[in-house]
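**Q** Okay, here's what each chain looks like letter by letter:
Number of protein chains: 2
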Amino acid sequence: MKERKITLTEKEIPEKWYNIVADMPNKPLPPLDPGTKEPIGPEALAPLFPEELILQEVSGEKWIDIPDEVRNIYSIWRPTPLYRAYNFEKALDTTVKIYYKYEGVSPVGSHKPNTAVPQAYYNKKAGTKKITTETGAGQWGSALAFACNHFGIELDVYMVRISYDQKPYRKSMMNTWGANVFSSPTNLTDAGRSILAADPDSTGSLGIAISEAVEMAATKPDVKYALGSVLNHVLTHQTVLGQEAVVQMEKAGDFPDIIVAPFGGGSNFAGISFPFLRYNLKEGKKVRAIAAEPTSCPKLTRGQFRYDFGDTIGMTPLFPMYTLGHTFVPAPIHAGGLRYHGAGVLVSQLLHDNLIEAQAVDQIESFEAGIIFAKSEGIIPAPEANHGIAVVIREAEIAKEEGINKTILFNLCGHGHFDMSAYEDYFAGKLHRHVLSDEEIDAAVSKLDTPVIE
Amino acid sequence: MKERKITLTEKEIPEKWYNIVADMPNKPLPPLDPGTKEPIGPEALAPLFPEELILQEVSGEKWIDIPDEVRNIYSIWRPTPLYRAYNFEKALDTTVKIYYKYEGVSPVGSHKPNTAVPQAYYNKKAGTKKITTETGAGQWGSALAFACNHFGIELDVYMVRISYDQKPYRKSMMNTWGANVFSSPTNLTDAGRSILAADPDSTGSLGIAISEAVEMAATKPDVKYALGSVLNHVLTHQTVLGQEAVVQMEKAGDFPDIIVAPFGGGSNFAGISFPFLRYNLKEGKKVRAIAAEPTSCPKLTRGQFRYDFGDTIGMTPLFPMYTLGHTFVPAPIHAGGLRYHGAGVLVSQLLHDNLIEAQAVDQIESFEAGIIFAKSEGIIPAPEANHGIAVVIREAEIAKEEGINKTILFNLCGHGHFDMSAYEDYFAGKLHRHVLSDEEIDAAVSKLDTPVIE
Chain A
727 MKERKITLTE
737 KEIPEKWYNI
747 VADMPNKPLP
757 PLDPGTKEPI
767 GPEALAPLFP
777 EELILQEVSG
787 EKWIDIPDEV
797 RNIYSIWRPT
807 PLYRAYNFEK
817 ALDTTVKIYY
827 KYEGVSPVGS
837 HKPNTAVPQA
847 YYNKKAGTKK
857 ITTETGAGQW
867 GSALAFACNH
877 FGIELDVYMV
887 RISYDQKPYR
897 KSMMNTWGAN
907 VFSSPTNLTD
917 AGRSILAADP
927 DSTGSLGIAI
937 SEAVEMAATK
947 PDVKYALGSV
957 LNHVLTHQTV
967 LGQEAVVQME
977 KAGDFPDIIV
987 APFGGGSNFA
997 GISFPFLRYN
1007 LKEGKKVRAI
1017 AAEPTSCPKL
1027 TRGQFRYDFG
1037 DTIGMTPLFP
1047 MYTLGHTFVP
1057 APIHAGGLRY
1067 HGAGVLVSQL
1077 LHDNLIEAQA
1087 VDQIESFEAG
1097 IIFAKSEGII
1107 PAPEANHGIA
1117 VVIREAEIAK
1127 EEGINKTILF
1137 NLCGHGHFDM
1147 SAYEDYFAGK
1157 LHRHVLSDEE
1167 IDAAVSKLDT
1177 PVIE
Chain B
727 MKERKITLTE
737 KEIPEKWYNI
747 VADMPNKPLP
757 PLDPGTKEPI
767 GPEALAPLFP
777 EELILQEVSG
787 EKWIDIPDEV
797 RNIYSIWRPT
807 PLYRAYNFEK
817 ALDTTVKIYY
827 KYEGVSPVGS
837 HKPNTAVPQA
847 YYNKKAGTKK
857 ITTETGAGQW
867 GSALAFACNH
877 FGIELDVYMV
887 RISYDQKPYR
897 KSMMNTWGAN
907 VFSSPTNLTD
917 AGRSILAADP
927 DSTGSLGIAI
937 SEAVEMAATK
947 PDVKYALGSV
957 LNHVLTHQTV
967 LGQEAVVQME
977 KAGDFPDIIV
987 APFGGGSNFA
997 GISFPFLRYN
1007 LKEGKKVRAI
1017 AAEPTSCPKL
1027 TRGQFRYDFG
1037 DTIGMTPLFP
1047 MYTLGHTFVP
1057 APIHAGGLRY
1067 HGAGVLVSQL
1077 LHDNLIEAQA
1087 VDQIESFEAG
1097 IIFAKSEGII
1107 PAPEANHGIA
1117 VVIREAEIAK
1127 EEGINKTILF
1137 NLCGHGHFDM
1147 SAYEDYFAGK
1157 LHRHVLSDEE
1167 IDAAVSKLDT
1177 PVIE
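Here the protein sequences come in this chain order: A and B. By the working numbering, the letter at position 338 of the first sequence is numbered 1064, and the numbering carries on one by one without gaps. By the working numbering, the letter at position 133 of the second sequence is numbered 859, and the numbering carries on one by one without gaps.
To be clear, the hints were calculated from the coordinates, so they are not data collected in a lab. Wrong hints could be hidden among the right ones.
[As the list claims (entries may be wrong)] Restricting the straight-line Cα-Cα distance to at most 30 Å, the calculated cross-link-like pairs of lysine-lysine (DSBU-like) are:
no., chain 1, residue 1, chain 2, residue 2
1, A, K850, B, K1101
2, B, K977, B, K893
3, B, K850, A, K977
4, B, K731, B, K850
5, B, K1101, A, K851
6, A, K731, B, K1132
7, B, K1126, B, K753
8, B, K737, A, K1132
9, B, K1132, A, K816
10, B, K893, B, K1126
11, B, K742, A, K731
12, A, K856, A, K893
13, A, K737, B, K1132
14, B, K742, A, K977
15, A, K1101, B, K893
16, A, K850, B, K823
17, B, K856, B, K893
18, A, K816, A, K1126
19, B, K742, B, K1008
20, A, K737, B, K753
21, A, K1101, B, K753
22, B, K893, B, K742
23, B, K977, B, K946
24, A, K1126, A, K728
25, B, K1012, A, K728
26, A, K788, A, K1008
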């Protein structure tokens, strides 16, 4: 029997996160104050985040210790298995070797708790009594609910009203772990009240929910805010999964030529790719890391590298990132985790420096790929993950045409058990490709008034 | 850091299933022909099952080899982890040691593929082109869809119409793996047509769906039928999980005093308990194995041991089992997997011989227990599993009162990701306890016309 899974023991949970900043040839540019356009210092983040997370956000240290308390909670589901995808390879009729890291075994079914747990931990250590956050369909909110419950921190989740009404399961999950879930816009915040005054029937948006969560945190001393992607410390926390994958690939006696991950804000992609990119930056290896974004929200492949707000309404500092403009509203594709206008600062700089690549995949191609995978490997992927799988198939086909044997590794960031309605829509022929025209891209980025970064 | 998970490698997937019949002091009584009341032989099952499964059904051999092809598919998710429930123990303020085997990591989120895979395999080997089965909410149907897809067997699932309409996610899961899912009653079978003729708006029932699936299989030579619990070979297949748990408890340097599992037809309970009961039967150990059934369907604690049909309509042979009568309709509790009128033959004989125990748990107690578990251990259990957790809490409290340290092992048979609406109803105060009155029990069993077995 050929070995399918490379498993690690609890003792092999990494003891450090990898901070790629230390190895980057060009360090990321600083965030700017939106008013003065001057670089902001760490102190500007103090109302929202505890000190240790801010230090990680601006750290240049290569390795950051993972506290034992965090490793202890990680051990509920970590280390996660790395699979050799024998059956998927067979289904593709390819000689390419394909591996995947599977993060769907976590209690919330995705990679999100990798950062939710340390964020809750550092907040607890700093005396935070309550955390606020926003969530769309609920992936991030449920991960943070899981984490806050463990550390006894109260959590208020502002959940976009349309999801709150239409996707109640994630809400029940958050309630089970003791979180308060509010249908946003609420009348609890100035931001929510102003929206409701203008439109009592507002179905909400992620931008509004962020505004509510940030307002609540910024105005109360023992309340902090947490974000599930984009920021440097979030990306760094996710490297725990890639660190495991490095060891697992070694055990498999292999090393990837290509790494693929779906791309929303960058935490999933950073998690799997940064620990391997380290070998490029330091040892001159030539791993290609490919971010798979949706054609409906193609900031990496068609956006511009310029300063922009992290949120839709414009409450955050300005970050140097690939963006379609913070007011861009992506089509309502099922991969909700990929519907973000910008890209994390670290990933943006790496892309600008040609150290990583990106490809855009439409929704139909992504589900076609996901179903080939589900039928061969037996695991039904989350819609986000399907974008990565589509790129794996493309690269396997190119390798076949070229007659070159390659090794591909991708991150199966979550299972699709909460997303079966998306598969239902696919089978019913209700999905659309959602490819943006050049005019739509131009219209989106033309709203930005910050200069393009050379 | 205390070790939380005891993990095994793929090489440690058991090579044999354990058939408890070999060690039972009183062998199970034979099934009877409903017409002649004479014992039936294996040949009576030939229209429905392939020969190798029938041989397993009547086998007296202690060990049955698990084919490499089955172990290969098992390796997608097996071995599953065994956890020491440190945080749950702490939440209960108990000195009892609690362990659980976690089957929720399978691609369908439950233990059901442990038997679906070998059933599909033996059918493939026998040349079966198509399998039919019934499913309620879809747990079993999706496990068999997963398995049939792997072996290239067509699968027709007759899904109870009310679930088909109200719980579409499992249906989409079955479709993803290529199964045909029909809303039962259909107009494809005589059984379905007769029901629809009488009531075109019938919402269906498991009994009707079984009739349709069995009719389709019985009338076509290369079509077979598959069942997800109750039968001997199904229970035997599930011992793969208990065999793993025996090794894992050894690695933990411990041995259970009490084993608990939820009880529907018996496959989950048999899976975890039989490999440990072996030590009782052969070495005189005193492991207590407790089946946790719902108070709304208390066949083990309040039913009678007598011959009864396995299905609601009365198409199967008569089996010697604890039953509430095959026409008994349990209240619509959320633990759909426990809503079965009877108990598997092997488990029934063991209970009759006082070699195992049973306790009934109402729905409210079960969810209260499940939420304590979810908040402490971080994994949200399926509603079925919550019944077992409630019994664990009871036994931990008894041990505390008695001042005795004990070791409890239970089977966490699945995650609750598909059942969050049940948790939502619990939080909304919409659940009821559903405890049957003596009159209701009497009314149910009084419909049986077979003698009670002494």
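**Q** Against this structure, judge whether each hint is valid.
**A** Evaluation of the provided hints:
1. A:K850 - B:K1101: Roughly 17 Å between the alpha carbons, so the hint for K850 of chain A and K1101 of chain B holds.
2. B:K977 - B:K893: With a Cα-Cα distance of about 41 Å, the restraint between K977 of chain B and K893 of chain B is violated, given a limit of 30 Å.
3. B:K850 - A:K977: Roughly 34 Å between the alpha carbons, so the hint for K850 of chain B and K977 of chain A is violated.
4. B:K731 - B:K850: violated, 36 Å
5. B:K1101 - A:K851: The hint holds at about 20 Å.
6. A:K731 - B:K1132: violated, 35 Å
7. B:K1126 - B:K753: It is violated: about 37 Å lies between the C-alpha atoms, which goes past 30 Å.
8. B:K737 - A:K1132: holds, 27 Å
9. B:K1132 - A:K816: violated, 49 Å
10. B:K893 - B:K1126: It is violated: about 41 Å lies between the C-alpha atoms, which goes past 30 Å.
11. B:K742 - A:K731: holds, 21 Å
12. A:K856 - A:K893: holds, 25 Å
13. A:K737 - B:K1132: holds, 27 Å
14. B:K742 - A:K977: Given pair K742 of chain B, K977 of chain A holds - Cα atoms ~28 Å apart, limit 30 Å.
15. A:K1101 - B:K893: Holds. K1101 of chain A to K893 of chain B sits at ~22 Å (cutoff 30 Å).
16. A:K850 - B:K823: holds, 28 Å
17. B:K856 - B:K893: holds, 25 Å
18. A:K816 - A:K1126: holds, 13 Å
19. B:K742 - B:K1008: With Cα atoms ~18 Å apart, K742 of chain B and K1008 of chain B stay inside 30 Å; holds.
20. A:K737 - B:K753: Roughly 46 Å separates the two Cα atoms, so the pair is violated.
21. A:K1101 - B:K753: violated, 41 Å
22. B:K893 - B:K742: Status violated; Cα separation ~36 Å.
23. B:K977 - B:K946: violated, 49 Å
24. A:K1126 - A:K728: Holds, at roughly 23 Å.
25. B:K1012 - A:K728: violated, 39 Å
26. A:K788 - A:K1008: holds, 12 Å
Of the numbered hints listed earlier, those contradicted by the structure are 2, 3, 4, 6, 7, 9, 10, 20, 21, 22, 23, 25.
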